[in-house]
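Trainee: Here the structure of chain A is known, so what remains is to put chain B in place on it, guided by the hints.
Chains as they are written, first to last, in the numbering used here: chain A, 1 to 312; chain B, 1 to 252.
These are calculated hints, taken from the structure and not from any lab test.
Mixed in with the good hints there might be a few duds.
[Unchecked claim] On the chain B side, residues computed to face chain A include the following (Cβ under 10 Å):
1. 11
2. 17
3. 30
4. 91
5. 98
6. 100
7. 103
8. 237
9. 241
10. 242
11. 245
[Claimed, not checked] Chain A is nowhere near these chain B residues, computed Cβ spacing over 12 Å in every case:
12. 38
13. 50
14. 58
15. 137
16. 146
17. 169
18. 186
19. 221
20. 234
Computed from a predicted model, the values in this text were never measured in an experiment.
Even for Gly, the Cβ is constructed at its ideal location relative to N, Cα and C.
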Amino acid sequence: MSTFAAREGAPRVVLANVSRWYGNVVAVNDVSFSPGPGVTGLLGPNGAGKSTLLHLIAGLLRPSAGTVTVDGRPPYGDPEVFRRVGLVPEREAIPGFLTGREFVRLNADLQGLPAPAAAVDRALAIVELAGAADRSLATYSKGMRQRAKVAAALVHDPPILVLDEPFNGMDPRQRLHMMDLLGALADAGRTILFSSHILEEVERVAERVLVVVAGRLAASGDFREIRRLMADRPHAFRLRTSDDRSLAAALVARPTVAGVAVEDDRLVVHAADYARFTGDLAGIARDAGVSIFELIPADESLESVFAYLVRR
Amino acid sequence: MSGVMSPGPTAFGPLVRLATRGLLNRRRSLGVVVLAAAPPFVAAILAFSGRLGDERAVALDIFTALVLALVVPLVGLVLGTAVLGAAIDDGTIVYVLVKPVPRRVPVLAAMLVAAVATAALAVPSAVLTGFLVLGGTAPGLLAGMALGSLLAAVLYAVVFVTLSVFTGRALLVGLGYVLVWEGLATTILAGTRILSVREYALAVVGALGGPGTVAAGGVDVRAALLLAAAALGGAVLLGAWRLARFEVSEAG
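So here's chain A without its partners, still in its complex pose:
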């Protein structure tokens, strides 16, 4: 991926106190951030406002309050901004009556590129679609369509790339390829912002993470920091043991345990410190002479993680 030349003058995307509402529904609520060069992941559950944020940056939506600027210019209503921005929308729909090459060429022509044919070949090669370029888009698999969309967004070599759920519909190999591609584009100095509702995707690719929940920025920064916040939150475990009462009595005195209850013939333990509790549990059970048959984390869903971050 050494084909990307390093760029001078870092692109600047700045959101300052941005809100966007549709009628009475608040989609984005007082969000401020400025993703620098490199990969920034926008993580959040479906409907959190990720697409709205990306559309605000891409100039497809007007902020209801606050300001969005791309290199100092508000993108909404300013088509010139699109020379600097490439957008990969979430919606899968692409003009199925065009071939891959025609689709990317259309994007090159609309960008007014001086050498569109060469730019199209280059973009198709980057996403590894050169072999299928002359087939109609209607015959493409989901992953191929996604790559065609990325080629279309890359054809004018924009310093800012905005991708809405780019890994949707990709198989593991395509996913890895896309992750490498984003990394290589970022290494060349681009500002890349992508959204995902899958924790592992964001962890693999992004240097910085913005967690969006219910239209608000719930957490931002280095991924390890967010990982720690997520790990440090209280965890609930459901246990099936040979003697719930004895184990409960042994656990309740421990500082790593916040609470103990018996629900539906199961022992439910609320751990205050995830790491120490899981490390100590086996020893505590052994000392109490209790066998553990089953240990299930009760609230490991991504939603509960997000919910915790919101309450925090």
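Mentor: Quick look at chain B alone, frame taken from chain A:
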């Protein structure tokens, strides 16, 4: 790689090609070809079945009842609402919107393609219908039918492109305009005729076809041409204005 060329004029050609291919690819487009073939088909049956009686009256009847009342508005409606509306519906308009191209350019390209496609079906349909009945006996009337249907084709197509930028239900609203407003209101309330594409076209037919071609009480041809020009200009401006303020409202 990011060039500094102005994409304004260069974007128009690709957008026209895109709109044309989009139209040709739709199954509905085939339906309008069949629709446009209906009046000449009816005229052919009448012409070959023997005596027509008053040829001018028959030709005018088929022209007003079939070509002008149904074929031209419906072809204009189907093509006009599809050319840009389909891309707005399925979201592929995004690829056009995120380009350094003023929003009026895709609107103008869509209008040009819709108008040319509608006229390419409507005018031959009108002329063939007239010729099958009239032969070479009334060149003025034939010219009136050709120009009247051309005017109506362009106007319907452009107005319906604009409508499709405003509402996702353009086909329904347009059908309401054609059937309820032009089909019913203008026959009951004479005053509403000044807002009817069909009446503008009839005024042109009357002016070229000679005295007594169309019933009295219609719009004067000069007024019709002025009103048509105003409607055309208004539709172009409104369509461009609306797309410039168009937002992709995809919550998530």
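Trainee: Looking back at the hints listed earlier, which ones does the structure fail to meet?
Mentor: Hints 3, 8, 9, 10 not satisfied by this model.
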